[in-house]
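Undergrad: Taken in order, these protein sequences are the chains called A and B.
Heads up, the first sequence is in our numbering, so the first residue is 86 and it goes up one at a time.
Heads up, the second sequence is in our numbering, so the first residue is 13 and it goes up one at a time.
Rather than coming from a laboratory, the hints here were simulated on the basis of the structure.
Hints may be right or wrong, so weigh each one.
With a cut-off of at most 20 angstroms between alpha-carbon atoms, the simulated SDA-like pairs for lysine to any residue come out as follows [to be verified]:
id, chain 1, residue 1, chain 2, residue 2
1, B, Lys73, A, Leu91
2, B, Lys139, A, Glu98
3, A, Lys97, B, Thr152
4, A, Lys97, B, Glu65
5, B, Lys60, B, Glu143
6, B, Lys131, A, Pro161
7, B, Lys60, B, Lys139
8, B, Lys55, B, Gly103
9, B, Lys77, A, Glu142
10, B, Lys73, A, Glu142
11, A, Lys97, B, Val149
12, B, Lys55, A, Ser163
13, A, Lys97, A, Ser124
14, B, Lys73, A, Glu141
15, B, Lys60, A, Ser163
16, B, Lys131, A, Val157
17, B, Lys73, A, Tyr143
18, B, Lys139, A, Ser124
19, B, Lys131, A, Leu132
20, B, Lys139, A, Leu91
21, B, Lys131, A, Ser134
22, B, Lys139, A, Leu100
23, B, Lys55, A, Pro133
24, A, Lys97, B, Asp63
25, B, Lys73, A, Asp154
26, B, Lys139, A, Pro161
27, B, Lys73, B, Gln132
28, B, Lys139, A, Gln136
29, A, Lys97, B, Lys139
30, B, Lys131, A, Pro133
31, B, Lys14, A, Glu142
From a predicted model like this one, the values you see are computed outputs, not experimental measurements.
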Amino acid sequence: MEISILCFGITKEILGSFIVAKSIESDLSLAELMQDLKSQYPALNELPSIQIAINEEYQSPDYIIKSGDELVLIPPVSGG
Amino acid sequence: MKEYIQIKITTEPLNLAECQQFVEDDSVGGIVHFVGTVRNNTKGNTVKYLDFEAYEPMAVKEMTKIGEEAILKFNVHKVAIHHRIGKLEIGEIPVIIAVSSAHRIAAFQACQYAIDTLKQTVPIWKKEFFEDGEVWVSATP
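Produce the entire structure from the sequences given, and follow the hints as far as they go.
TA: If you want it as structure tokens, here you go:
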């Protein structure tokens, strides 16, 4: 399955682009995708926290990624 | 509940009077504003300016949730949360929160809850620019 991941803040610099395309196996969980990304981009391991939002909502690590989901990397936020 | 909450993300300068106007009501006994400003230093380093970016649709959703929670938890009347993005100079205003309430204590508490939660959950990021470099805030241990 082909997915694209949007990257904000420092993750845009770590992954090198705002939109990153990736092929994943079907039935992959968010936790498994995060493991993949962390081995592909080791600098992600150095962040105090990192989450993936699905369709504009925070999701739990066991969420199974579906075709058409909007995936967004959320490094530690710092608004205000 | 939506008519009691005003959320705004903009690249234009924020307007305190607009926030005030939204939360005003004859039934309230007080209005609390929190106005965030860009500080000229962080951990002893001189800051030149900040640059904010947002994942806007989700930021609006999360800010709306904060407004709803503030009203439910503290029984306040109205909440406005405005956040500016883009490049901000020292002294400029990245965020305003306005809360109106029948009684002052609830307004103070709801306003503090709103800014504290915004800083934890809303997908907005700021980069600090120094004389000799730049850093994404909160992204390093």
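Undergrad: Could you run down the list of hints and mark each one as holding or not?
TA: Checked hints:
1. Lys73(B) - Leu91(A): Satisfied, since the Cα-Cα distance of roughly 18 angstroms is no more than 20 angstroms.
2. Lys139(B) - Glu98(A): This hinted pair holds, its Cα atoms lying about 12 angstroms apart.
3. Lys97(A) - Thr152(B): holds (15 angstroms)
4. Lys97(A) - Glu65(B): Judged against 20 angstroms, a Cα distance of about 12 angstroms means the pair holds.
5. Lys60(B) - Glu143(B): holds (7 angstroms)
6. Lys131(B) - Pro161(A): holds (10 angstroms)
7. Lys60(B) - Lys139(B): holds (11 angstroms)
8. Lys55(B) - Gly103(B): holds (17 angstroms)
9. Lys77(B) - Glu142(A): Satisfied, since the Cα-Cα distance of roughly 11 angstroms is no more than 20 angstroms.
10. Lys73(B) - Glu142(A): Cα-Cα ~8 angstroms, so holds.
11. Lys97(A) - Val149(B): holds (14 angstroms)
12. Lys55(B) - Ser163(A): Status holds; Cα separation ~16 angstroms.
13. Lys97(A) - Ser124(A): Since the Cα atoms of lysine 97(A) and serine 124(A) sit roughly 16 angstroms apart, the hinted pair holds (cutoff 20 angstroms).
14. Lys73(B) - Glu141(A): Status holds; Cα separation ~8 angstroms.
15. Lys60(B) - Ser163(A): holds (17 angstroms)
16. Lys131(B) - Val157(A): OK: lysine 131(B) and valine 157(A) at ~18 angstroms, within 20 angstroms.
17. Lys73(B) - Tyr143(A): Since the Cα atoms of lysine 73(B) and tyrosine 143(A) sit roughly 11 angstroms apart, the hinted pair holds (cutoff 20 angstroms).
18. Lys139(B) - Ser124(A): Not OK: lysine 139(B) and serine 124(A) at ~26 angstroms, beyond 20 angstroms, violated.
19. Lys131(B) - Leu132(A): Answer holds: lysine 131(B) to leucine 132(A) is near 17 angstroms, not above 20 angstroms.
20. Lys139(B) - Leu91(A): Judged against 20 angstroms, a Cα distance of about 18 angstroms means the pair holds.
21. Lys131(B) - Ser134(A): holds (14 angstroms)
22. Lys139(B) - Leu100(A): Status holds; Cα separation ~17 angstroms.
23. Lys55(B) - Pro133(A): Holds. Lysine 55(B) to proline 133(A) sits at ~18 angstroms (cutoff 20 angstroms).
24. Lys97(A) - Asp63(B): holds (14 angstroms)
25. Lys73(B) - Asp154(A): holds (17 angstroms)
26. Lys139(B) - Pro161(A): Roughly 12 angstroms between the alpha carbons, so the hint for lysine 139(B) and proline 161(A) holds.
27. Lys73(B) - Gln132(B): At roughly 14 angstroms apart (the allowed maximum being 20 angstroms), glutamine 132(B) and lysine 73(B) satisfy the hint.
28. Lys139(B) - Gln136(A): Answer holds: lysine 139(B) to glutamine 136(A) is near 19 angstroms, not above 20 angstroms.
29. Lys97(A) - Lys139(B): With a Cα-Cα distance of about 13 angstroms, the restraint between lysine 97(A) and lysine 139(B) holds, given a limit of 20 angstroms.
30. Lys131(B) - Pro133(A): holds (15 angstroms)
31. Lys14(B) - Glu142(A): Since the Cα atoms of lysine 14(B) and glutamate 142(A) sit roughly 19 angstroms apart, the hinted pair holds (cutoff 20 angstroms).
Of the hints listed earlier, the one the structure fails to meet is number 18.
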